[in-house]
Amino acid sequence: MDSNVKTSRSEGAVVKGSAPLTERRYAVPFVLITSLFFLWGFARAILDVLNKHFQTSLHISITQSSLVQVTTYLGYFLMAIPAGLLINRVGYKRGVITGLLLYAVGAFLFVPAAWDGSFGGYLAALFVIACGLVFLETAANPYATELGPRQTASSRLNLAQSFNGMGSALAPIVVGGLLFSGSGADVSVPYVVMGVVVLAAALIFSRSQLPEIQREGGEEIEAEGVRHSGWANIRQLLGNRTFLFGLLALLAYEVSEISINSYFINFTTGMGWLTAANASYILGLSLFIFMGGRFVGSWVMRRVAACRVLLWCACGSVLCIGLLLLTAHYNFSFFTFHFSLFLLVANYFFEAIMFPTIFSLALRGLGPLTKSASSLLMMTPVGGCGFLLMALMADASGSLVLPFLIPFVGYIVVLAYATFGLGRGANRD
10 MDSNVKTSRS
20 EGAVVKGSAP
30 LTERRYAVPF
40 VLITSLFFLW
50 GFARAILDVL
60 NKHFQTSLHI
70 SITQSSLVQV
80 TTYLGYFLMA
90 IPAGLLINRV
100 GYKRGVITGL
110 LLYAVGAFLF
120 VPAAWDGSFG
130 GYLAALFVIA
140 CGLVFLETAA
150 NPYATELGPR
160 QTASSRLNLA
170 QSFNGMGSAL
180 APIVVGGLLF
190 SGSGADVSVP
200 YVVMGVVVLA
210 AALIFSRSQL
220 PEIQREGGEE
230 IEAEGVRHSG
240 WANIRQLLGN
250 RTFLFGLLAL
260 LAYEVSEISI
270 NSYFINFTTG
280 MGWLTAANAS
290 YILGLSLFIF
300 MGGRFVGSWV
310 MRRVAACRVL
320 LWCACGSVLC
330 IGLLLLTAHY
340 NFSFFTFHFS
350 LFLLVANYFF
360 EAIMFPTIFS
370 LALRGLGPLT
380 KSASSLLMMT
390 PVGGCGFLLM
400 ALMADASGSL
410 VLPFLIPFVG
420 YIVVLAYATF
430 GLGRGANRD
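Read left to right, the sequence shown gives residues 10 to 438 (my numbering).
It is possible that part of the hints are untrue.
Each pair of labels, with its calculated beta carbon distance range [as the list claims (entries may be wrong)]: (1) GLY331 / ARG34: 42 to 48 Å; (2) GLY432 / ALA405: 37 to 43 Å; (3) SER66 / LEU332: 30 to 36 Å; (4) SER66 / LEU253: 39 to 45 Å.
Calculated from the structure, these hints are not laboratory results.
Bear in mind that the values here come from a model prediction, so they are computed numbers and not experimental data.
Ideal placement from N, C-alpha and C gives every residue a C-beta, glycine not left out.
Using the sequences plus the hints, can you model the full thing?
This is the structure in structure tokens:
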């Protein structure tokens, strides 16, 4: 074991001391890969604005508009394994370029969809974008964990995911401000801009070099073409109970996080707390807090075991959403409104580190199975379809508060995984 790494048996994992976040030889690849996190964060956060925008402009219900999320995250579910198999054959770099090109095509498809004014056309464009995002996330998440010492993998991925949070925070402010301004702005405008930016990113990546990564003990993870049998890897992973628990925990987190984001504007406007424009700004503020949570988490996890930080944060989210279910139900006072809104926003800080931490913990020790494992983990954004369940529950019950039971259960699953990880880590070097 590295002499610079301090081992804490009481915390059940390796705690990082002076291990660097990354290495000089990986600095440029890490910057390039990190830029991708911003791009897909922006694309995914726009969905929360589109959901409310289409309800108004196309005169559809919350349940109908939830097809925005269902279509997008169904794309993740259907394309994750094909993306992983392709990346397993052609390497990270070609996988990234494929994702960027699909992202651009989907963005430009918003132009004919806007001309036609068809909800189906918009959904088709979003599906193509989702297919591109699957390639980006399947390639970038595991690659970021490998660009430096293993001891700081969770910290490194949290740092990269902070820029995902930045993209997520800017999207509702910029696009929400445009679409809810009353100016009648065309929804295709931000997508055309995104398409141009993404094409430029594809050009940069086509001219860049992503290095091979050598590990101790002869283990090698290559950026340009490890060729293991993808299906054989997947069968092996499906027999790994520890990995499957991580997969379940990540799915539970995605159900909670995406559902809350998608429901945020509908909930706060339906409760009479905010206008649509103000709700989109508060959502943007919440996502800036989310981004800050990832920066803080990246720093803390260089000193504290990742599982322990995950446990603390899962407790925070369970507490926030549990209290929200109690307080928002009694929406009778000025204090209740402010406290309930505070709980909803505070949850963004606690949940911030969950995706990158669970992702990196689930990949720990998988070696040549890493790419295949990443493709399975990238099926979990299908949890965004949980917003459909929240919408159906809201429409059926007449309560805007009761649907928060769904993310509440999701955070309990994450809490169970963190507890399991601590216990299992007690036997790990």
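### Task
Take the C-beta atom of GLY432 and the C-beta atom of ALA405, compute their distance, and say whether it sits inside 37 to 43 Å.
holds, 39 Å
### Query
Cβ-Cβ distance between SER66 and LEU332: within 30 to 36 Å?
holds, 35 Å
### Query
CB of GLY331 to CB of ARG34, is that within 42 to 48 Å?
Roughly 46 Å apart at Cβ, these two residues keep to the hinted range, so it holds.
#### Entry: Range hint compliance [Cβ, SER66 to LEU253, 39 to 45 Å]
holds, 42 Å
Of the numbered hints given earlier, the model fails none.
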